Amino acid sequence: MIKVGVIDYGAGNQKNIFRAIKSIGCEPILAKKTVDLKRTDFIILPGMGSFSHAVMHLKKSGLFEGIIDAANDGKKILGICLGLQLFFENGDESGANVGLGLLKGQTVPLADYCDFENGYKIPIMGWYNVQWKITDNGSEFSKTINSISRESMYFAHSYGVVPNDKYIEIGVLNYFNSPIVAAIKKKNILGAQFHPEKSGIVGLKFLKAFLS
Amino acid sequence: LLRTNIRLIPRLDIKSKKLIKSIKLEGLRVVGDPFKAALKYYENGADELFFHDSVASLYNQNHLGDFLESITDKVFIPVTVSGGIRTVSDAKYLFKRGADKIAVNTAFVARPKFITELSNIFGSQSIVGSVEAKFITKNRWEIVTESGRERTGIELNSWISILQEMGVGEIVLTSVDYEGTRKGFDLKLASYLNITSVPLIFCGGFTEPENILELVSKYNVQGVCISDYLHYERGSISEIKKFGKNNFLNMR
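Quick note, the sequences are listed as chains A and B, same order. Counting in my numbering, the first sequence runs from 6 upward without gaps. Counting in my numbering, the second sequence runs from 442 upward without gaps.
It should be emphasised that the hints constitute simulated quantities derived from the structure, not laboratory data. Every value quoted in this text rests on a predicted model; they were computed, and no experiment measured them. The beta carbon of each residue, even a glycine, is placed where N, CA and C say it ideally should be. Where hints are given, some of them may not hold.
What the hints assert, rightly or not - What the simulated footprint calls covered on chain B by chain A, stretch by stretch (three residues with Cβ under 8 Å from a Cβ of chain A suffice, anywhere in the stretch; the number is not a length): (1) 533 to 541; (2) 559 to 568; (3) 660 to 673.
Stated by the list, open to error - The calculated label-pair distances, taken between Cβ atoms and stated as ranges, are: (4) A:109 x B:580: 49 to 57 Å; (5) A:40 x B:553: 41 to 49 Å; (6) B:624 x A:167: 43 to 51 Å.
As the list claims (entries may be wrong) - Pairs of lysine to any residue, SDA-like flavour, derived with a Cα cap of 25 Å: (7) B:533 x A:24; (8) B:515 x A:136; (9) B:554 x A:15.
Build the full structure now, drawing on both the sequences and the hints.
The structure is reproduced here in structure tokens:
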């Protein structure tokens, strides 16, 4: 059975991603230390908690370096929401912080960074359509994305990522006429700003596409 | 119409493992099984689920852990839990059992700093300010606690500013006067309210799909809680969505 390491940030948030992984026939493993990553086929950085709290916890447990090493070894990693934000260099939820730096770019507070039309609310919370930009049309992953491209995903976030390399953006959410990065992909690294584990059947299809 | 998508959120009040319904937050009546109801609403297209432990405040403890554990095995949409959350460890316990968001009323009023403590650990997007508003006199609504039993003397708009400053990521506003009355949403309350910077969910009074149109065409609201209408099977989520689509509301 495919083993999926789920990173522990110490905020008690892994249950729902565990359930989603089980429901598509894979085995979730709670990764509390770097050694736990060794016996996994995939890694997921889940999407709950604050940036600073997560970084603090990862440094304490040693997973901070463990995740970087695994990514550099080519292991497939999915970051969800906060997990996606942690891939980048800086994040400033609850003060300035340094992320994993696997991808070049920043995590920014959307309200300050974006030029939204009037009436917007932050956090972005709810079901929204993602505009997908998939170029490699042959792969199983892109076939799945094409099959769910008209469905909505569940978002819940106040911060967003601004990658230096625009080409890694594979999905965009248009919120009050301002584009927000909804998904990124670079080699073995995949990131979703939405919550696939909370986006019903469609979200589970997305997870399955990653884990295959 | 507004560009935010409107969320339909069934609200399930639970007491001793039974689904119950109140009128103006009083006179609890058993109306069914919360597990069966929640599963049905999920399969029918609910955007989120809201679970409230009706006796938690009384016993200073939320009893929904086991229920959450079993229902979140089956539903893959966001789940908010409220009732009796007083400490960081109460919150952690509920997140561990499957909650995505927690909603707090009484403990925030007692100690607003608790809001910041929670959002620093769990992120503001998972901390909901549950607000119960009661009409006092012309142009004054106040907030109440303990399921409407305790008056606080705090004016509604000033309280909502505090919630936002301290770091809630969403506000669920219940009109105590309209809750369970089938009068439609409290539009006077909606017009009294200052525009919030965080998403706002309206709760209390929904009786037919037109109520949503009346509310969101004029006020900046991101979702509605629905209970009575669904629990008594007067209609379904899919019927509301069909109405919404026909009337150009943004819905999932």
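Verification of the hints:
1. 533 to 541: holds (count 7)
2. 559 to 568: Our answer is that it holds, as 8 residues pass the Cβ test (under 8 Å) against chain A, meeting three.
3. 660 to 673: Coverage by chain A holds for the region 660 to 673 of chain B (3 residues, Cβ < 8 Å).
4. A:109 x B:580: 49 to 57 Å: 53 Å, holds
5. A:40 x B:553: 41 to 49 Å: 42 Å, holds
6. B:624 x A:167: 43 to 51 Å: 47 Å, holds
7. B:533 x A:24: 18 Å, holds
8. B:515 x A:136: Outside the cut-off at roughly 28 Å; violated.
9. B:554 x A:15: 22 Å, holds
Of the numbered hints stated above, the single one contradicted by the structure is hint 8.
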